[in-house]
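*Asks:* Since the structure of chain A is provided, determine the placement of chains B, C and D on it from the hints.
Protein chains in written order, with the numbering used here: chain A, 1 to 261; chain B, 1 to 261; chain C, 1 to 261; chain D, 1 to 261.
One or more of the hints may lead you astray.
Note: identical chains are not told apart, hence a pair may lie in one copy or across any two.
DSBU-like cross-link-like pairs, simulated, lysine-lysine; straight-line CA separation at most 30 Å [stated by the list, open to error]:
(1) K134 / K232
(2) K134 / K45
(3) K68 / K34
(4) K173 / K201
The hints are simulated quantities; they were obtained by calculation from the structure and are not laboratory data. Because the structure is a prediction, the values reported are computed rather than measured.
One letter stands for each residue in the lines below.
Protein chains: 4
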Amino acid sequence: SDNFFLLAGPCAIEDETLALKIAERIVRITDDLKIPYVFKGSYRKANRSRLDSFTGIGDEKALKILRKVNETFGVPTVTDFHSAPEAAMAAEYVDMLQIPAFLCRQTDILVAAANTGKVVNIKKGQFLSAGAMKFAVDKVRESGNSNIVITERGTTLGYQDLVVDYRGIPEMKESNNCPVVMDITHSLQQPNQLSGVTGGKPELIETIARAAIAVGADGLFIETHPDPANAKSDGANMLHLDKLETMLKRLTILRQAVNQL
Amino acid sequence: SDNFFLLAGPCAIEDETLALKIAERIVRITDDLKIPYVFKGSYRKANRSRLDSFTGIGDEKALKILRKVNETFGVPTVTDFHSAPEAAMAAEYVDMLQIPAFLCRQTDILVAAANTGKVVNIKKGQFLSAGAMKFAVDKVRESGNSNIVITERGTTLGYQDLVVDYRGIPEMKESNNCPVVMDITHSLQQPNQLSGVTGGKPELIETIARAAIAVGADGLFIETHPDPANAKSDGANMLHLDKLETMLKRLTILRQAVNQL
Amino acid sequence: SDNFFLLAGPCAIEDETLALKIAERIVRITDDLKIPYVFKGSYRKANRSRLDSFTGIGDEKALKILRKVNETFGVPTVTDFHSAPEAAMAAEYVDMLQIPAFLCRQTDILVAAANTGKVVNIKKGQFLSAGAMKFAVDKVRESGNSNIVITERGTTLGYQDLVVDYRGIPEMKESNNCPVVMDITHSLQQPNQLSGVTGGKPELIETIARAAIAVGADGLFIETHPDPANAKSDGANMLHLDKLETMLKRLTILRQAVNQL
Amino acid sequence: SDNFFLLAGPCAIEDETLALKIAERIVRITDDLKIPYVFKGSYRKANRSRLDSFTGIGDEKALKILRKVNETFGVPTVTDFHSAPEAAMAAEYVDMLQIPAFLCRQTDILVAAANTGKVVNIKKGQFLSAGAMKFAVDKVRESGNSNIVITERGTTLGYQDLVVDYRGIPEMKESNNCPVVMDITHSLQQPNQLSGVTGGKPELIETIARAAIAVGADGLFIETHPDPANAKSDGANMLHLDKLETMLKRLTILRQAVNQL
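Isolated chain A (complex conformation) (with noise of 0.2 Å):
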């Protein structure tokens, strides 16, 4: 396919109907658009502000849940981990691993998921610039794994907001020779909440995904709900799943417009 790739799910597995539903939409939608699909879902939230958040599960109950979609629709699924000896583990239930952006520089976790040989997500630090992510590839490519994928997800501005530079899209690209992903939910937070609850601004979720398609991203990553007022995890700004379609159709449009640039 010509068009951009779509990491897209809920932001944590909460329970197997939810998420078979949800990769049921997201598939169908996909397909028609002809937008490579990749099923994600966290097994476990590890970096909430409180400990009374939602942390998840159980692991090998969610991990099961990701594998039982993969079986349901043959799409590969996605989750992110926090600490090395959790790479083989989940690796034996999806196709991609995902190093959360506060982690990008821990070697001992990028090497865990080089060595699982799945494809390796790196989200880029919201303190990192989009040059020094070449030292996060090269921790993973020198393990020997180059199925390496570069995720943009906000750089910090002020303490309370994140600002995406997208002139790290097509850097990022050229240095290190792999795709680049936009996570347009994580870009769009409102971080040090004296609640305790990271903040949001859903209403730019497309305006944050227009510019990465027109500068070159090669995919999308959108965490997407068919109820986020209610989901577990991160609600603030998630996508109505009733909204991604017409959104994708959007984008899709956008996207064959650079196509032919």
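*Replies:* Below, chains B, C and D alone, put in the same frame as chain A:
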């Protein structure tokens, strides 16, 4: 036209022959692409880092060249100005007055521009939020002039870098009900260089422009010169005039796609 | 005196009685503490967010009050100004001319201040590095005036916050061979508030001041008022006049320790 | 003691002789100045930019050296660690466990440190506000451990610079009711260098320290080495061991003044 409009020309008016040569070339290109065009040239540069930087050829001489461009090609012209009394003077020669970014909070300058009745193009300060631009806009509007354009030119990111926050483009359009222009040239500045000469990243010109068109910018601002290395000011980010046509063609394709969304 | 010096007074000159009352109080306090004192008051505010903000009681009227303070108490006075022609006018009444932070790159304003022969206090732009201040200083010095003071007033940190970078204080002292003042009041601003009224964090006034004295600041700039809540401008961060003496005593103790280092 | 306390030592444990030599020297200095002292050394470095950077001499070997320092000089010791299972291991050898700044949001790591019963020193992430540190502190406290120290180590300012926001020191002390340490060494880092080796500004070490003492920091964290140019990690900002005594004497004078305020 349903294409974006263009403010373009040399940074400073250096001499009549050069101004006319640049104007002629851009007029031809923009006619072909149905891009409404405004010739840009500063009659004086007032905020150079160093006292020995080039500041101009004389105000009246430069302003007459701007008028000559208008008379010769029938295109409107724009210049910036730097103090309240200059507004009326400049307004005798040009069609649009531009408020420099550092001065966008200076009430007397905004009001002086408003009072000329010309179109007022307010550049957003590097220190200003998109939301706060409404106070600058209101100063012009409450002075009785509603012909207002806002120009985005990047936000302070540490001392030596600027980042374009594309969230501001739709936000400023909606909040202020006026066109928003992306200043590609100055958004790529690398300020606070110890040489006293602001640096740049010209290889990213098209990246900045594409993202702007994708998120709905109404116009683009581009400084261009047939010999950027020898331009008397701001050479670091000026687009070579020979590259303008190709880039505008590509951006026109992108704009046509955006118009369908 | 080996104590720090002080620029202090109300934000704007509101009326003669109030100005004299504030001056009298501060003169007494600073005499006791051997703090060289300069009375500060703006004769006009030119960069308020909103057109309906208070801007002044009339230039000449306010400037005469500044002269009266000088004549009455024998202390020098300082005001900011906002355009080149105003420099000579203000210089007839005051001893020090202050360049507003947003205007610190405007060559004509710096040169006009220099040409008055008065002390020129250049506030560092929120967007400027300590290293780049030498270009502003050089514009004054190369115009033949070496009576220069630099004032630090915080650096842009995201849209709605400022941070004081204390590294700049020794750097600016050494690079420019002139005194450096810490503006405690404006360093605590919270700009870009959607109300159009800049916010503040007055509980941190002494924190900002202590760190400045510790790293070698030569002077402090403090806006103070007997009734900050009813001050006509910048009330958010003004120190209550009743709290000034205690704080200056504490800072004097700190300064005595610093003098021993 | 009413002096500040000190966490100091080499960045990484390189060998026993060197560790003991550094400890002996600092013990003597801090005894003279009545500075409570904790020997600092990392048994492993886990987040170097490059895979070929020095990471350590072996965990157990390095941890035994830390214990040897404690046994030899009777001073407590501190090391950082990088994954939950390492907390219990390191706790067998040291008195204080330090959470690296990039990891200060990782719940499992905070809880693992808390569960050892050792003092937990949480470094504030470069992307975190002072206010948001309460969520990290609460994770430790709610796990039953109230022996908590917070360390400030600078905030992201653009990609290649950090700034210390001194407002956070009193704020974090008050909000969390625990001591706050200023990490002078890492606050001066210049991250994201394209060489893959983080740079520094060591001439500003005392500036950073003085401001911290002035605003009420309870402790200082300083990496020091008898030969910084040949240190195996973080040489760019390490203080030469020969300069430590003079600086601590000066800071003790400053602290005595602060104690009077």
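*Asks:* With identical chains treated as interchangeable, where does the CA-CA distance between K134 and K45 reach 30 Å or less: within a copy, between copies, both, or neither?
*Replies:* The answer is both: 26 Å in one copy and 19 Å across copies each meet 30 Å.
*Asks:* Under a CA distance limit of 30 Å, which applies to K134 and K232: within one copy, between copies, both, or neither?
*Replies:* Only across copies: K134 and K232 sit 22 Å apart there, 34 Å inside one copy, limit 30 Å.
*Asks:* If the cut is 30 Å between Cα atoms, do K68 and K34 qualify within a copy, between copies, both or neither?
*Replies:* within (23 Å within a copy, 54 Å between copies)
*Asks:* How do K173 and K201 come out at 30 Å by Cα distance, when the copy is not named: within, between, both, or neither?
*Replies:* So K173 and K201 pass the 30 Å test inside a copy (27 Å) and across (17 Å) alike.
Comparing the model with each numbered hint stated earlier shows that all of them hold.
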